[in-house]
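Student: Construct all of the structure, not just a fragment, from the sequences and the given hints.
Chains as they are written, first to last, in my numbering: chain A, 10 to 122; chain B, 8 to 121.
Note that these hints are calculated values from the structure, not bench results.
Predicted model only: the values in this text are computed from it and were never measured.
Warning: the hint list may mix true and false statements.
What the hints assert, rightly or not - Listed next, with one range per pair, are the computed distances between beta-carbon atoms:
1. B/Q52 <-> A/K87: 26 to 36 Å
2. B/P86 <-> A/V33: 31 to 41 Å
3. B/S77 <-> A/L120: 37 to 47 Å
4. B/A24 <-> A/P79: 46 to 56 Å
5. A/R106 <-> B/G35: 33 to 43 Å
6. B/S21 <-> A/K87: 26 to 36 Å
7. A/K87 <-> B/H89: 40 to 50 Å
8. B/S77 <-> A/E27: 44 to 54 Å
To be verified - Below, computed lysine-lysine pairings styled on DSBU-like, alpha-carbon distance capped at 30 Å:
9. A/K51 <-> B/K68
10. B/K75 <-> B/K56
11. A/K51 <-> B/K56
12. A/K51 <-> A/K66
13. A/K51 <-> A/K92
14. A/K66 <-> A/K92
15. B/K75 <-> A/K51
16. B/K68 <-> A/K66
17. B/K120 <-> A/K51
The C-beta atom is built at its ideal place from N, Cα and C for all residues, glycine as well.
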Amino acid sequence: EPEVTQTPSHQVTQMGQEVILRCVPISNHLYFYWYRQILGQKVEFLVSFYNNEISEKSEIFDDQFSVERPDGSNFTLKIRSTKLEDSAMYFCASNLREQETQYFGPGTRLLVL
Amino acid sequence: AQSVTQPDIHITVSEGASLELRCNYSYGATPYLFWYVQSPGQGLQLLLKYFSGDTLVQGIKGFEAEFKRSQSSFNLRKPSVHWSDAAEYFCAVGAVTNAGKSTFGDGTTLTVKP
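Tutor: Below, the structure is given as structure tokens:
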């Protein structure tokens, strides 16, 4: 069964450094999403992406964040200058159509020191 | 704005007992509703979803949920819990125009006693 993959599974970085989290959505999917989950808290929507542009973003998704689909398979989340509070599990998700089930990747655990 | 409330932070049940996890939502139109399960350190696995139609939906692992519009609820049930069901459970509501933009509840941690 096709699945969403994410790399790396864990990343440790220093405050102020840039990080890029990578996702490979299911190959024929058209809608892509990033969510984050701070340890012990709920999953929060960050951004949705369709047709090579952001379709919606939350207030969390400020100027420090960006997303990109650099080729036909990858979907990346970049945090330009990480802060301690960016430490979280980041989930990528995708679906074929908006009104369909989205499939989540296993997540990348980011730790900012 | 859409929102989800899971009133129970932590529930403990004995193995073999029945389970009901509560979920209440707030949304201005017909919602898309989901239940996910998350084992420690793992990703989110979709248990079941409601988009339209029959208000009682069946999911994987023997779970079911019932959409009650009058009560704005989407409670998750299982008639007989197994030890492997111990995990965190999240209810989520999706917008009609963008089902991917889901709003999650705070989660309910399920502990199963032997």
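Student: Hints first: check each against the structure and report whether it holds.
Tutor: Structure-based check of all given hints:
{"no.": "1", "hint": "B/Q52 <-> A/K87: 26 to 36 Å", "result": "27 Å, holds"}
{"no.": "2", "hint": "B/P86 <-> A/V33: 31 to 41 Å", "result": "38 Å, holds"}
{"no.": "3", "hint": "B/S77 <-> A/L120: 37 to 47 Å", "result": "45 Å, holds"}
{"no.": "4", "hint": "B/A24 <-> A/P79: 46 to 56 Å", "result": "50 Å, holds"}
{"no.": "5", "hint": "A/R106 <-> B/G35: 33 to 43 Å", "result": "22 Å, violated"}
{"no.": "6", "hint": "B/S21 <-> A/K87: 26 to 36 Å", "result": "47 Å, violated"}
{"no.": "7", "hint": "A/K87 <-> B/H89: 40 to 50 Å", "result": "41 Å, holds"}
{"no.": "8", "hint": "B/S77 <-> A/E27: 44 to 54 Å", "result": "50 Å, holds"}
{"no.": "9", "hint": "A/K51 <-> B/K68", "result": "23 Å, holds"}
{"no.": "10", "hint": "B/K75 <-> B/K56", "result": "14 Å, holds"}
{"no.": "11", "hint": "A/K51 <-> B/K56", "result": "19 Å, holds"}
{"no.": "12", "hint": "A/K51 <-> A/K66", "result": "17 Å, holds"}
{"no.": "13", "hint": "A/K51 <-> A/K92", "result": "19 Å, holds"}
{"no.": "14", "hint": "A/K66 <-> A/K92", "result": "19 Å, holds"}
{"no.": "15", "hint": "B/K75 <-> A/K51", "result": "24 Å, holds"}
{"no.": "16", "hint": "B/K68 <-> A/K66", "result": "33 Å, violated"}
{"no.": "17", "hint": "B/K120 <-> A/K51", "result": "25 Å, holds"}
Hint compliance for this structure: hints 5, 6 and 16 are not met, and every other hint is.
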